[in-house]
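Novice: Going down the list, the sequences are from chains S and U. The first sequence: position 555 = 555 (our numbering), numbered continuously. Residues are numbered in our numbering as their position in the second sequence, beginning at 1, plus a constant of 602.
Keep in mind that the hints were calculated from the coordinates and are not lab data. One should not assume that every hint holds.
[As the list claims (entries may be wrong)] Covered stretches of chain S (chain U as the covering partner; in silico rule of three or more C-beta atoms under 8 Å from a C-beta of chain U):
hint	stretch
1	15-27
2	184-193
[To be verified] Simulated crosslink set (EDC-like; lysine to aspartate or glutamate; CA at most 20 Å straight-line):
hint	chain 1	residue 1	chain 2	residue 2
3	U	822	U	810
4	U	1008	U	843
5	U	722	S	243
6	U	722	U	765
7	U	1008	U	1027
8	U	974	U	986
9	S	114	U	843
10	U	722	U	950
11	S	114	U	984
12	U	1008	U	1069
13	U	1008	U	950
14	U	722	S	209
15	S	114	U	855
16	U	722	S	330
17	S	114	S	332
18	S	22	S	475
19	U	1200	S	530
20	U	808	U	919
21	U	822	S	447
22	U	974	U	1030
23	U	808	U	1015
24	S	114	S	475
25	U	808	U	843
26	U	722	S	235
27	S	114	S	447
28	S	114	U	849
29	U	722	U	670
30	U	822	U	855
31	U	808	U	621
32	U	822	U	843
33	U	1008	U	1056
34	U	1200	S	447
35	U	1008	U	984
36	U	822	U	849
37	U	722	U	975
38	U	974	S	406
39	U	974	S	530
40	U	722	U	757
Just so you know, even glycine gets a beta-carbon here, dropped at the ideal spot from N, CA and C.
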Amino acid sequence: MTRTAKPARPTRAPSTLTAMRKLMPFARPALRSVLIAMVMALAASLVSLAIPQVLQRLVDGPLRSGDPSAVPGAVALVAVLGAIEAGLYALRRAYIIGPATGVETRMRRAFYAKLQDLPVAFHDRWPSGQLLSRSMSDLSLVRRFIAFGVVYLVVNVITIGIGVVVLLLLNPLLAVIFTVCSIPLWINGFRFEQRYNVVARRSQDQAGDLATLVEESVHGIRVLKAFGRGRTALEQFTSRAEELRGTEIEKSRAVAAIWLWLLLVPDVAFAFCLLVGVWQASLGHITVGGLVAFFATATVLRFPLESIGFLLSMLFDTRAAVDRLSEVFESENTVRDPEHPVHITEARGRLSFEAVRFAYPDTAADGPALLEHVDLAIEPGETMALVGLTGSGKTTMVELAGRLYDVTGGAIRLDGVDIRDLTREELRTHIAMAFEDATLFSASVRDNVLLGRPDAGEEALAEALEIAQASFVYDLPEGLDTRIGEEGLSLSGGQRQRLALARAVAANPAVLVLDDPLSALDVDTEALVEAALRRVLTRTTALIVAHRPSTVQLADRVALLEDGRILDVGTHTELLARSERYRFVISSFDDRPQRDREEVRA
Amino acid sequence: MTVLGVQGEERGADLSRSERRQLRRRSLRLLGSLMRPLRGRLVLTMGLVVVSTALQALGPAVIAWGIDTGLPALVKGMALPLVGAVAIYLVAGVLSGTLIAAYTIQTAQISQAILIDLRKRVFLQTQRLSLEFHETYTSGRIISRQTSDLDSIRELLDGGVNELVMSVLYMLFTAVGLVLVDPTSGLVLVCSFLPLALLLGWFQRKSEAVFRESRVASAKLIVHFVETMTGMRAVQAFRKEARNNAEYGELAEHYRRINARSIRLFAVLDPGLTLIGNLTVAIVLLTGGFRVATGDLAIGVLLAAVLYSRRFFDPMEDLATFYNAYQSAAAALEKVSGVLEERPTVPEPASPVPLPPARGNVRFEQVRFAYKEGREVLPRFDLDVPAGHTVALVGSTGAGKSTLAKLIARFYDPSDGRITLDGVDLRDLASNDLHRAVVMVTQEAYLFSGSVADNIALGRPGASRAEIVAAAEAVGADPFIRSLPGGYDTDVNKRGGRVSAGQRQLISFARAFLADPAVLILDEATASLDIPSERLVQRALQTLLADRTALIIAHRLSTVAIADRVLVMERGRIVEDGAPDELIAGTGRFATLHAAWKDSLV
């Protein structure tokens, strides 16, 4: 069974460095700034190290000899150095803000654009909570890493390096002891990487799952309320949140373990150095002053050493975030624009399905395809109704025509051109769709209706609204400018469906593809819409998914879809007469109307 | 204007001083109530950190002692003092490292305990709040409250409230030490509190406003993101990608600018603290230096004073980081506590009346309903639906049918009058009892991620597989479910992406069937079904509804065949009421509708 589910975690994870390199395309413009920030941070550390030196000179020199005249100069030096240190901090921080937030925002926009580019099949697989947590939490991790983490990681490692060299110069023997003692730290550091990487990744995935649950509990609130299942949802949410809590605790255990070593190693090293150092001093190999200097320098290294734990977990958190983002960035788009697109200047609107085969990606390779061998041609200006049982693939055919999915075999042609040879942009200009599940966006009525043709005039707008019998919009508080959708006025199912229909009509396409566009309308309104729709349909090619006889009557011909094939094509009357299957699918559930009709015909 | 609940959530700079105080108190109350159950643990953690810090502070003293006492002793051939010092050093090091590790885990446990408590509270509150709230607040915002706002609270908690206490204690002790050593230097330090207070005050004022804005901006970003992801089909079909990229880009840029502003504030605060610290040290040195030079002050005392005043500012950076996280979290807490403060307009009864096994008698007594005062949807009316009756509700779009149905499911409460189930006011029933007795199935059949079986089981959590299959069989959903790749265990994925609208309705029917309520409300629940499926559902309904009360809203009048009684609604009023045959035979509105419907059939 071939499953194109979420990319499985590779068994051997690539190194953190390789993983982080994926940041480069976005981080490159900030690279120079990060380097400069590092230099500034290093300079600030050096300045802060210089202050004690000045103090020492002052104490050892003029003060010991009781000379007040040197005091103001030394104090001024301390003050200036202090001001420089603070100034460098301020500069570094101010300097990195732009580049770091720039990287974050660039990635956020690219992420969003990528998601819009990816086909519907991708979104079927990925819950939007997972995508949301990537676009918010993961990206802010990246920003913080660039603004702070990477700068200090590098600077502190350099500081430690310099410090070790200084120690070596001061006292090679003690320095070697110090270095040897730190070996367990490095070993544990690598172990920490492996352990922490796994939990960091799991924690972010679980946070994404939690976001998905939240999202569903909000979008499905009506169902949860209707069944009184708020408690059940809470229980499910709690158990997931507990899982996340468990992971976070596990993460803290990993951090605690590395912290322990980070604190322990310098202490043990100090103890041994003390032992050996005093012993050496007792033999007269080193002076007491040298011993003091050694410990003083080693002490300076404690803070950078301790900070490494925190910085490493930041690095690994970011790495997990980058991995998660890369999964989306590297998702292959299966519905692409062709390299050399063909252009149809004036679409006539002949839509043909030729030996079309389609199977969802998660169908077994040898399993039955949803559409097996569909042949259907719709002539320019013709209206074709598509009839079939629930789940027979009608909606899929509609979606294939707009390339929301691509056919797995055969081809769909518009005016003889394989639709895969057109850009998606152009194809979707020629073909407008209305879905049964009418989605409105948070925008004015006007913008929603003119979505497919923003430059259309008031006249086209008014006409589309009239055809869809959506004149109710004029009675909304602000008429056509009323904000609707998620962030606006909520409309009933029937109202939403009529606006979605108006939107398809307003797009004025060569081919209209309507998926059961009237299901939520009452009989009266439906009749009115149908009457108006006839006018549009005379000038446009149309493919209409229909469940009801009344909708079918809008069509010139009807295609009956069953078992992945077009079973029969003909006029409604022809099919009624010759196809028992058609009568089964379209006739109403009692036989009376059937008899009525036959009486009429008799 | 008010800031009660979520009102004024998007307001920023124009908040009055008392409103700001009100918001701050609300956030603190919430924080307090979250921390109260963890008092013991907090104290323990603080103890850990105090002891381990003290042990760390011991280090330098031991080294000094090792050199001053151990060395001369060793020269005299006595190794014990040196070995003793090394041993003490080792023990202290191991102990403090272990304590810090324990502390790390404890902090994570505290922060996770608080988070899970808060997550659950917000989740439950979201479920508890009425539809009215959700319709105006929008799903994207409630999602952002539960994701990105909780994230920033998590950051505060991970930063560790303990560290704050520790820093403050450390600073306090240091200040006391300084005053004891040299009161004059203590005075200098006290003087430095003035610029310190000014700087912190400035930061608080500015950052409060910026972080508040930042929460609003991130919510906007999330709202847009979620809307795009849930409406991806329409986005692609109508080529909204480029326009979306522009809109989202603008929101992302706006968010970036606000973020950059908040970081910039911190970029002033942190170096500002360093500057004040460094200058204080310089002044202490200045005042002390002259006194030493004139012999008024011992050089050792000056050294101690300088070291103390320097150390006083050491935890400042931690403190600044904490304060920054606190301000960010406070803004988030403000929003979250606002949601928690909202009172559901459809509240749970304080002392619910237990519902005996419901028979299903629904009565409307002098009920009147308006979504907003002045815009009456249902004028005052009475209605009695005896137990076991099936009532069809007919009328054009917007006649108030759905509203009437939603009142029975208690999605809303009537503005006047009361609705009773078996004589008990719905408002006196616990929501669990009510929804065990009354279930509503709507046209929009939302599927949650999980298997098909999970989705059906929502009707009755804990149902066995056999019961689930039986429910699916009863509504005719079994054949298509079995044909899915994984049968009942097929993951329906996000929003039922590839389960067709009709199939979703069948699943939600099975859900209702499994719930087995005394009162079943079907609001356009068969609109997307093909005729044969609808026929199956109708047949199932006849058995299902035999012994229960039902209210059916359907545009297709075929449903009427199974109804005992038909209500025709027009502009919120019931204009006809009678047995179907009676009404069809008459000359009223229903007779006309029925005739039109019959015409629309084959």
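Novice: Hint by hint, work out which the structure violates, then give me just those numbers in ascending order.
Specialist: Structure breaks hints 1, 2, 4, 6, 8, 11, 12, 16, 18, 22, 23, 24, 25, 27, 29, 33, 34, 37, 38, 39.
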